[in-house]
Every structure is written in C-alpha cells, then in structure tokens.
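J.: The lines below spell out each chain.
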Amino acid sequence: MLLIKCPYCEEERPELEFRNAGEAHLVRANPITEQSDEDFAAFLYFRQNPKGLQFERWRHIHGCGRFFNAVRDSVSDKFLTVYKAGEPRPDMQPQLSPAPAELPVTKRSPRTKKVEV
Amino acid sequence: MSTSTHSGSNRIHGAGRLTPAKTVRFTFDGQNLTGLEGDTLASALLANGIHLVGRSFKYHRPRGILSAGSEEPNALVDIERDKSRRQPNVRATVQEIYDGLKVKSQNRWPSLTFDVGALGDVFSPMLPAGFYYKTFMWPKFAWKSIYEPRIRAAAGLGVTPGEPDTDRYSNRFAHCDVLIVGAGAAGLAAALSAASTGASVIICDEQPEAGGALRYESAVTIDGQPGYEWAASAITKLRALDNVTVLTRTTAFGYYAQNFVGLVERISDHLSSPALDMPRERLWQVRAKKVVLATGAIERHLVFANNDRPGVMLASAARLFLNQHGVAVGRKVGVYTSNDSAYAAAIDLKNAGIDVPVIVDTRDNPTSAIVDAARSLDIEVLTGHAVFSAGGKRRVSSMSIQPTRGGSERKVAVDALIMSGGWTPSVHLFSQSRGKVTWDAANERFLPGTYAQDCVSVGACNGTDGLQATLDEGLAAGEGRTSPIVATNGTEWTGGMIGSAPGAGADTSVKAFVDFQNDVTAKDVRLAVREGMHSIEHVKRFTTNGMATDQGKTSNLHGLAIAAEALDRPIPAVGLTTFRAPFTPVTFGAIVNHARHDLFDPTRETPMHDWHAAQGAAFEDVGQWKRAWYYPQAGEDMHSAVNRECVAVRNQAGIFDASTLGKIEVVGPDAAKFLELLYTNPWEKLGVGRCRYGIMLREDGFIYDDGVVGRLAEDRFHVTTTTGGAPRVMHHMEDYLQTEFPHLNVWLTSTTEQWAVIAVQGPKAREIIAPLVEGIDMSNEAMPHMSVREGKICGVPTRLFRMSFTGESGYEINVPADYGRAVWEAVYGRGKPLGLTPYGTEAMHVLRAEKGYIIVGQDTDGTVTPHDAGLTWAIGKNKTDYVGIRGLLRRDLVANGRKQLVGLKTVDPTIVLEEGAQIVANPNQPVPMTMIGHVTSSYWSENCGRSIALALVIDGTKRLGETLYVPMPNGVIEVEVTGMVFFDEKGERLNG
Amino acid sequence: MVELAHATRLHPLQAGNPDVASASVTLADNATRVSLRSRADAVAALSGTLGLALPTKPKTTATSGSRAALWLGPDEWLIIDDVDSSVAADLAEAKVLHSAVDISHRNVGIIVDGRGAAAVVNGGCPQDLSLKAFPVGAASRTVLGKIEIVLWRNAENRFRVECWRSFANYAYAFLRESARDVAV
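Sequences listed follow chains Z, S and G, in order. Start counting the first sequence at 1; every next residue gets the next number (UniProt numbering). Start counting the second sequence at 1; every next residue gets the next number (UniProt numbering). Start counting the third sequence at 1; every next residue gets the next number (UniProt numbering).
Fair warning: there could be bad hints in the mix.
Below are the DSS-like pairs computed for lysine-lysine, each with C-alpha atoms no more than 30 Å apart in a straight line [to be verified]: (1) Z/51 to S/436; (2) Z/5 to G/146; (3) S/289 to G/132; (4) Z/78 to G/57; (5) S/393 to S/350; (6) Z/84 to Z/5; (7) Z/78 to S/289; (8) S/899 to S/879; (9) S/673 to G/95; (10) Z/5 to S/393; (11) Z/78 to G/146; (12) G/146 to G/132; (13) Z/84 to S/673; (14) S/289 to G/146; (15) S/436 to S/673; (16) S/436 to S/22; (17) S/289 to S/332; (18) G/95 to S/685; (19) G/146 to S/626; (20) S/237 to G/132; (21) Z/5 to G/57; (22) Z/51 to Z/84; (23) S/792 to S/626; (24) S/104 to S/393; (25) S/289 to Z/84; (26) S/792 to G/95; (27) G/132 to Z/78; (28) G/132 to Z/5; (29) Z/51 to S/289; (30) G/57 to Z/84; (31) Z/5 to S/289.
It should be emphasised that the hints constitute simulated quantities derived from the structure, not laboratory data.
All chains, full assembly: derive it from the sequences and hints.
T.: Following this line, the structure appears as structure tokens:
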C-alpha cells in the first residue's frame, strides 16, 4: 500500500483513502461544441500511459475529498510531487536529468498540443 | 549417558533447555507420543526416534526432517484440531506441540511406511523434469478428462480442508520508526540501540523466542552471559519498554512499497485450548520509517546421491535439536561438510555422548582450530573426501565415502547424517523491497547490494561474518546506544560449496536432490539446460526448482550453480530468480482477517427495514442495500404477491420504501448554473417548489444517471440519483465542480441517509396523507404533479415531493431518517383501511415498465444516448454547454442504425419474454443469425392483463408495428414493436 | 446478631481487570450535525456565528461547550452539537456565502474508549494513530475496514467514530470484533 501526500491535508496518508482519477491536464475545450472530432477524440479517449513519469489525477476521496495532481514514476511507483488542482504542470526536467534513459516515451496519439491550465 | 524415556528415547538428560517434567501428549498417525513443552513437532518426533515424516511430491520417496526452521521443505504434515480447523502442509519444524495435538502424515496411501505411490520412484527414469509438459500433450481431449484428474489425484501436497474455517483472524495497522525483522544477535542489538533513542520500535521473530542462532551456538558469551541467556534478558528488557513492541511467532512475509511490511503473528497455533476471544492469527500491516533486516542465513544441504533419506539433515538443525530441545537426532551420527560450521555440531553431539564416527570434509586442507578440536575428541576427520551416497530407505543406514579425487569406497554405518554446504544469507525480504542483490564471488553468495527503500541489512543476511561484527552492525543500524556489546567465542561460518557435490556431477545419473519438496535433482536441472532453458527463470519453471511452498530457501543457489555450470557461464550472468512474497505461506484467514461473515461486506438497511422484515417481506440485494422485494401474504408466491401489489397501487394506493435513492443537496448561488452543466435539462427557470426529471450524461454522450431534482430555494436543490449510482454520481459531480467549474459558488452534500423516503402512490394517496400533513396545501392546484413543499408530517419536518415513478398520482415523503419508521407506521395505519398496500421493488419495476419509465443500468448499458432512450425531450434545446453535449454530436451517435428503446408485445399475450433475449428480423435465416436487438425489461403486467417488455432494437422507433422474432431454445416467439407506454398512455392519472 | 455482609458479584469488567476488554465500544447519543462549507473569506464570520473558531489547519478541531467543529477539508467542516442545538438556526442567520446542510440523521456516532482504543480503531483504520501523528483533538475522514468514517480523538484514549447510518451496524460490529482482539 502506497503512502500518498495530499497537498490539502499536507501529509502522507495511506493509499486506501485515495482514488486514482486518470491522466492529468486534459483540457475540456471551451466552447466544447466547436471542438473538432479529432481533438474531442483525443480529449475523450487517447491517453499517454508512458513508462516513467505519469502526470495523474488523484482524489483524497476518503479524506478531505479534494482532487489533486501527482507526478508518479510508473517504474518505481514513487510519487515525485503532488500539487493542487488548477496549479500548472511542474517542470520535471531536473528530476529526469540524472537518468535520461528513463525519459517518458514519446507520444503516440494524434492528440494536439494544448495550453495547460 | 542416561536418557529420559518420558518424552522420547532420544532425549538426552541434561541437554537442552526444556523442563523434563512438563510433558505434552500428542499423536502422529494415530500413535500416542509424548514430548516436552517447548518442543516443535520435529524435535518431539525425533525425540521419539521418528525420522520418517512424509512422502515426497512426485516420487513419493520417504522423507524426514531436513531443518529446524521455516525453510523446511520435507516435513510437511496435516494438523487437525477438529473437522473445521484442519491445516495441511504445516512444517513440523515450525509447529509447536501442545497437549492433544493431532498430526497426520501426508502424501501417502495407504500408510506412511507402505505407500503405493512410491512406485513412481521405481519408474522415475520415465518421469524427468518437463515430463508432464511433453507427455500429456496428445490427444488433446485427454488432458481434461484423463491426464489432469489422474495427475491431480496422485500429485499435490496435502488435502484441502473441506469445512469452513471456524477460527477467528484479526488485523492491526501499525506505524513505527524502526521495524526490525529478526531477533537474533543482530536484530536484538539493533532493537536495543534504536529503543535507546526513544524511537518507536517493532521487533519480530518467527520463532517463539528470541536468539536466532544463539539458541544453538553453545560456546558463545555476550556481555558475560551465555548467548542464549543474553538474548532472553535483552528481549525481556525490550518488552518492558513503552516504545517497543515485541512480536514473537511472527513472520515478516512481505516487504512492499514505502516500507510497508506484512507480518503474520501466530497467536494460538501452539496452544492446547485457545481462549474463545483469541484469534488464531493476526495480520500486522506495518508502516516503518526505517526497516532493519536481521533475517540471518539459512544453511544449505549438500547435493549427493540419496541425500533425501530420512535422517539426513542440516548440521545446524541437529545442533538446535540438541542444545535447545535436548534431542539427539541419532545415536551414531555421520557428518558431511564443506565448511567449518558442521564441526561445531559434531563437537556438541560428541560432548553429549553421541557417537560421531566420522566427519567427511570436501576441503583438502581445512586449517581452522575447530578441525583440531574435533580431532582431539577422537572424531575421525576425512578431508578431501566426499559422501557419494547415503544408504537406507526409510532411514539412513550408512554413508559411502570416497576421496574427492577418486579412490576406494568406504561404507560407514550411521543412523543419522548431518551435513553443511555452507550458509545462504536470507536476502528474501531485501529482494522483495526491490533492492538489487550483488554477487560475492569470494564466498559464493548473493548479498544486499543497492537499496531501494530506507532499509538496512545487518548480520548474517548482510554477509557479515562473526558475532562481534554482527553486534556492532546491529548497534549502528539502531542509530542509538553507542556503548558496545561484547561477544566472546563468537563463531564465523563462511565458505562451503554450491552446486552438486562430488559423485553427483554431470557424468552421473544419481538422484541427488536440489529441491526436496518438488523432487528436483541435479540431473533435472542439467536436463533443463540441455532442453534449451538458458535463463534461470526458464530453468525454474521447467524443473519447478524453488517453486514449492518453501520457495527454494535451501535449493535456489544449488540449482543456479548447477545450471551455470551446465551453461558454462558465471553465476551472476545466469541470474537469480526474483524473491516474491510471501516468505513463508500465509493463511487466507490472516489475509481476510475481520472481513468474514457479517463483516465480509457492509449490509445497508433502511430505517424501515425491521418493519418490512416483520411483515414477512422478501428482500432483494441492490448493491449493499437490502430492499423489500415483495410482501407475500399467506399462500402467495412471488408472482401472485407482485400482481396483487401492482393492482392495489393502481386501484387504491401503495406504500413503498424509497430511502435508498441517492440524494445530494446542491447549495449556493450558482447551484442552478452548476446543474445546467451536469444535466441535459434546463434548470435556471425551474421555479422554487417545482421538480424536474433530469438526465445526466458522461462526456461521451451516454446516459450516466437520472433522477428527480427539486428546487427548495433559489440557491438550494434536492437532487436524487439512482440507488446504485449515488456514490459515483457524487464523485462525478465533485470532479466537475472541483476541476472544471471551480469558479462556481456551490457545494454538494450527500444527504442519502439523512432522509427516509416513503413513497405513497395511487388514486388514494392524497386522501391518505393529507390529514397527517401540516403547513402544506396539498390541493391539485396548489401542489401539482412535480412539485415539492416543506412542512410537517406527523409533527416532524418533511420535504414532501409530489412525483411518481408509477404513473399514478403520488407523493414521496422525505423525513429525517430517525423518524422514518414512525412516520411510515402512521401513514400505513391511516391508509390500511383505505386499501393502502405495501409494495416492493419488483412491483415498482413492473409499474414503471407499464409506463415506459427507464431504469438506468437495466434499460441502458452505458452506450445509450437520451435520443436512443426516447428522452430527447429532456435535453435543453437552447443550452450551449453541459457534460455530454459534445459527445452527443459525434457522428456515430446521430447516425442511423442505432439501437433505440421500444416496447414489445408478444403476439401470444401470455408469454413473458426473457430479459436479455436476442431479437431477429427473420427467424428463418441460417445460424448465426443477425441479431438486431435485445430485451431489457420484461414482466407480466396484471394491470394490462398481458406481458409487456422493453427492448433496444436497431432503428426501433422506425419499426413501430413491425413483427420481430425472439428465437429461444423452445421455439421462436413472435413480437410486435410498440411504443414504450403500456398503461394510461396519455398520463392522465398523474394529475388525479 | 451479626450483620451479614452482602458481597455483590462483580463482572470481570467491573473488577477492573486491565487485560479484559481494554476498550469499550458504545453508541454515542443522538446529536445535531451540520455539514458546513465555505470559502476561506467567510471563515471569520462563520466562526463568529458559531461561537467557535472554525479550524483551518488540516486534521484539527475546535470545541466550545457542547459544540465542536471538525476540519474535514479545506472548505468543509462537520459541526457536532447536542441534540437540541441551535446551530442550524444560528447558521441560517449568517450573511456570508456558505452552505449548511443538516445531516443530524445521516450519521451515527460510536465511542471507542479505553486503554486499547487506538489499537481497536487500528484494527481497520490504516492511519497512524500515535499521539504524535494523531494527537488529542485531531480528526479526519478516513476508512475503517470497508467503510468510510470520520475519526475524532477527543481524549488520549477516546475516539469518536462517525459513519453514515446504514454503515453503523458494520462499524459497530467491526469495532466490537477488533476490541475482542485487543483485549487478548
């Protein structure tokens, strides 16, 4: 069982209190009705699932109830950082530089680059 | 030399630490035996001269006791307290005896001494490794019908208990600064040191008492005390400290991420009559800031011909049996070794008066003082020699000795043969922690290399040889006390050999066992390599080496060395198989612990549950909820009860417990705005006091949930969800509120359980309720269909909804849950004379189907849009955004050929279709037919006097009036496609 | 005439044997409960209304008389008070932006009391309940076995466990079962 730091509770709490909520930083278009089929498909279905750093959403569902974001290394299962919902995607290059071999694989999906919120 | 016969003829007077007066009676295969308190089953059997304990897995060879610890591969037995508390595959070396212990040997038929299965040993040349994979391939059908059942009957270890286990098991989550695994010299030193810092410490050991190797290292003193006594006083000291938890009989079986370690504490397996409240085992889920591994080392056997004969055992085991239990493993004990440690065993045995005719040492010139010490006791030492074979069948009777470089053979009669191939550091937990082991070429062993967690290995498991160094390392790991612990006469066991011993090399075909439990010989490992298994993982799976319940604790390194030799590659290049949890087998009971019987899963009951039960209601499971299904009266079956309930609702009135419906209170100035985004419907203009049926979609455009939403105030909505959908709808709404629309000033609170909900439906509903209600004008004009009022009923606050899931005029009375039962009884008391009838979920289903109201999850399956379900009217036409709005625009969701919800009427009105039945357009087409839909809901409707059904059919709405077909095993059923409403098509009754 | 001394038979629990039932599990009295939600800028005003300083530090509580406020999330408090509390009416007067929802009947309170109380709760709750990590006055939503609870330590050896009413049977049975274990 992992320990996960909740950025709202400001401490590590047992994994049993959390629920994973999928990939982070997917942006719901505005207005969404005008989004192209390709972009909407990417938003709805295409996920990165890289080996290595995963930017993912968690909810401290049996704790403070808040959604937040985390960067987890899918190889070691270690959380590198957590941050509150709405905060920008952190720059993980410093953590990556010592082991360039573990860089996340390049994107496979046709998803277009989006502005981060 | 005198012996005590009370507790076995091999009990040596004056030896060991057990009290001769404290006898314990037990049975082995029905034979009455006596041992002593503190005996393991192994030591007690040996005390009674019993070496033959079981039969092996594949060849059914007679097997004895190899070890004195949890690494035991051979001596597996069946322990039975009573019919429901029986445990197969218990290691005799771990099980402590108690008065009345009942033990049976395993894997033999009809008896341990005469076993028919042992013919497998005679035919063993036909049963090499991989035999099963290759032989039983053909004909294909025979595997399931012939081969597998027979192999399963003949093979396997032990017999599964047939009755439910009546023992209790428990669980404890624990946190500590330092977890120390192992209470030998290293672990105790670490614990004393860590405890001195004030840190919270947990120290566990799988044995009943602390000490580890100090229990048999007879010459050692620590801080002036004999080693064993030092350990005992150290553990007493630790137990007395508030910041230390000492767990004996506790195995750390799994080391997981972030220093999360699973321990299993055996609480009552050693007790004759455990107290009623006592769990059998307790699972400890420990989170430690730091883990100290002091798991010691495991002695290896030597791989030579017939090394599995009962009476052939590890030297350290013989030593423990003597020095701890006072048991001689034989009267004439031969010794075979490749390192120094077996000499200590020989010396202890000799000093206890046991005949030790010879020590056979594979080394040419061992130089240690202990070799001379043995010689000075008149023990013959043959260096540069090897034991080529053990004689005897059900007990070793001789050892055949030859010089390692060849020469004449000499046979020495013995009744036990003790051996040492050296010591393998126990890196199991370290490896489980994802640490990487490193190869110590000088000493031919794997040691902890790169650590993955905050963890440190100390003592023998770290390859630290020598007692003083071990104690120093333990103290340092505890990061506390600096005053040294001083050892004298400490032992230091390094060296030894791995792989096959002389006489069992590649040029031989002898049965020299590597893995006793899975009957893997050196020859099998070589065969695997010849067959093309070049990775140790493949060798392991081909031979099953190391795959038994002992997980290769004694065999892994031997198997690896033999494979490496056959591959002509260095050992580290061949690699080591991964160590996985559990370290030793863990019972399902411990893993499940509290989650049994009533605690297996919560059973949720409504505030009116007991009333339903008292009325004889049958209950239906809906998720964790128990819901009243129907209320059979005397002589009624389900069908007639449901018919009666359905008719009563339409003719008089029915009362229904709807408390399980999910409820969410949406509060804040942006509440309506938020609901606009979460539902397809418009909400801004919904008047206070009005309700609306809402549909919630996922972003993909498919129906996620539905329910009635009432507006209590400008900034307060009472939202209802399906029973099963309540938690996920809440999660879904929170997700959007927190991450997509955080600018909205609105909050969500689950109120599912705040309110008991009493639905009263039917033409007499108002007449029944009105007299009980205060402060609400219930007239049709003041409170029309789909409205909500706050007031009082029976003197308690209520949110009174006028709404209907039956098509009748009706109400849903929400009252605070603790009042639910009282209000229900008051309403029922008032309505019963008027024909008010309790109805359950089955009647509710029929009534709503008569009206064509869908149930999300039954008539929808996650691929149904509002358009498909005939609910286009519920989509706000002028809305620019809501969850699912873009999904609904997807080409495939608006294309022709989608499955749409329609009604079905069987041409023969008495036939009730099966839910899930497939629908075809042409029943005469060849199989496989083209299926164009399926039945989602189907009932007998007493109110319609016929069967009714809902179905998802391709282009269903264009097929109204068409005849379709439902092919069933008993024939094809003809159906007509209809609209979804079967009763009161115009909906006039709602406003009555 | 000699007066007979009447000895009353004591139950082992009354005899105070510390090794038997080192923790008791009992139902708390009915209570008033409100789920209070607001943004940070309304906390001061709401504190005034409630007569206690709403805690803003995670895992903390504030009490005033019978009234207690448990921090459950950055914008969420569980207010617990006696059954005849005016807390709902008080909050109705508050003019600042907030949400107050009566959940008095939604929850059931269970009290775990005694020397082994933390161990009893740890039979199913994975949080660190040492006094260092979970001091007196700490409270948090968490899990117990297979359900969600709110856990509040209101004395060194006393916890209040709050759960939804349909889970109360489970929670009560679980804690009793765990207490049997801790007594061993």
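J.: Indicate, hint by hint, whether the structure satisfies it.
T.: Okay, the hints, checked on the actual structure:
For the proposed pair residue 51 of chain Z and residue 436 of chain S, the alpha carbon gap of about 20 Å is at most 30 Å, so the pair holds. With a C-alpha separation of about 22 Å, the suggested pairing of residue 5 of chain Z with residue 146 of chain G holds against the 30 Å cut-off. Taking the CA atoms of residue 289 of chain S and residue 132 of chain G, the gap is near 14 Å; set against the 30 Å cutoff, the hint holds. Straight-line distance between C-alpha atoms of residue 78 of chain Z and residue 57 of chain G comes to about 27 Å, which keeps the hinted pair within the 30 Å bound.
Taking the CA atoms of residue 393 of chain S and residue 350 of chain S, the gap is near 26 Å; set against the 30 Å cutoff, the hint holds. Taking the CA atoms of residue 84 of chain Z and residue 5 of chain Z, the gap is near 11 Å; set against the 30 Å cutoff, the hint holds. Using a Cα cut-off of 30 Å, the hinted pair residue 78 of chain Z and residue 289 of chain S holds, with the two alpha carbons roughly 15 Å apart. For the given pair, residue 899 of chain S sits about 25 Å from residue 879 of chain S by alpha-carbon distance, which is consistent with the 30 Å threshold.
With a C-alpha separation of about 21 Å, the suggested pairing of residue 673 of chain S with residue 95 of chain G holds against the 30 Å cut-off. Between residue 5 of chain Z and residue 393 of chain S, the direct Cα distance comes to roughly 61 Å. Violation of the 30 Å bound is thereby established for this hinted pair. Proposed proximity of residue 78 of chain Z and residue 146 of chain G is supported: the alpha carbons are some 26 Å apart, at most 30 Å. Distance hint between residue 146 of chain G and residue 132 of chain G is fulfilled; the C-alpha atoms sit about 26 Å from each other, no more than 30 Å.
In summary, the hint linking residue 84 of chain Z to residue 673 of chain S is supported, as the alpha carbons are separated by about 24 Å, within the 30 Å threshold. Restraint check for residue 289 of chain S and residue 146 of chain G: the C-alpha separation of about 26 Å stays at or below 30 Å, so the hint holds. Note on residue 436 of chain S and residue 673 of chain S: the hinted pairing is violated, with a Cα-Cα distance of about 56 Å set against a maximum of 30 Å. At most 30 Å may separate the alpha-carbon atoms for a hinted pair to count; residue 436 of chain S and residue 22 of chain S exceed this at roughly 47 Å.
About 51 Å separates the Cα atoms of residue 289 of chain S and residue 332 of chain S, which puts this hinted pair outside 30 Å; it is violated. Among the hinted pairs, residue 95 of chain G with residue 685 of chain S is consistent with the structure: their alpha-carbon atoms are about 25 Å apart, no more than 30 Å. Simply put, residue 146 of chain G and residue 626 of chain S have alpha-carbon atoms about 17 Å apart, close enough for the 30 Å limit, and the pair holds. With a C-alpha separation of about 24 Å, the suggested pair residue 237 of chain S and residue 132 of chain G falls inside the 30 Å cut-off, and the hint holds.
Taken as a hint, the residue 5 of chain Z and residue 57 of chain G pair is honoured in the structure, with Cα atoms around 16 Å apart against an allowance of 30 Å. Restraint check: the Cα-Cα separation between residue 51 of chain Z and residue 84 of chain Z comes to about 23 Å, which is no more than 30 Å; the hinted pair holds. As the CA atoms of residue 792 of chain S and residue 626 of chain S are separated by approximately 28 Å, the hinted pair is consistent with the 30 Å bound. The straight-line distance between the Cα atoms of residue 104 of chain S and residue 393 of chain S is roughly 21 Å, inside the 30 Å bound, and the hint therefore holds.
A C-alpha spacing of about 26 Å is found between residue 289 of chain S and residue 84 of chain Z, which places the hinted pair at or below 30 Å, so the restraint holds. Of the supplied pair hints, the one linking residue 792 of chain S and residue 95 of chain G holds, its CA atoms being roughly 26 Å apart against a limit of 30 Å. Note on residue 132 of chain G and residue 78 of chain Z: the hinted pairing holds, with a Cα-Cα distance of about 25 Å set against a maximum of 30 Å. Proposed proximity of residue 132 of chain G and residue 5 of chain Z is supported: the alpha carbons are some 18 Å apart, at most 30 Å.
Simply put, residue 51 of chain Z and residue 289 of chain S have alpha-carbon atoms about 28 Å apart, close enough for the 30 Å limit, and the pair holds. Distance restraint check for residue 57 of chain G and residue 84 of chain Z: the Cα-Cα separation of roughly 16 Å lies within the 30 Å cut-off, and the hinted pair is therefore satisfied. The hinted pair formed by residue 5 of chain Z and residue 289 of chain S meets the criterion: a straight-line CA distance of about 15 Å does not exceed 30 Å.
In the structure shown, a violation is registered for the earlier hints numbered 10, 15, 16 and 17, in ascending order.
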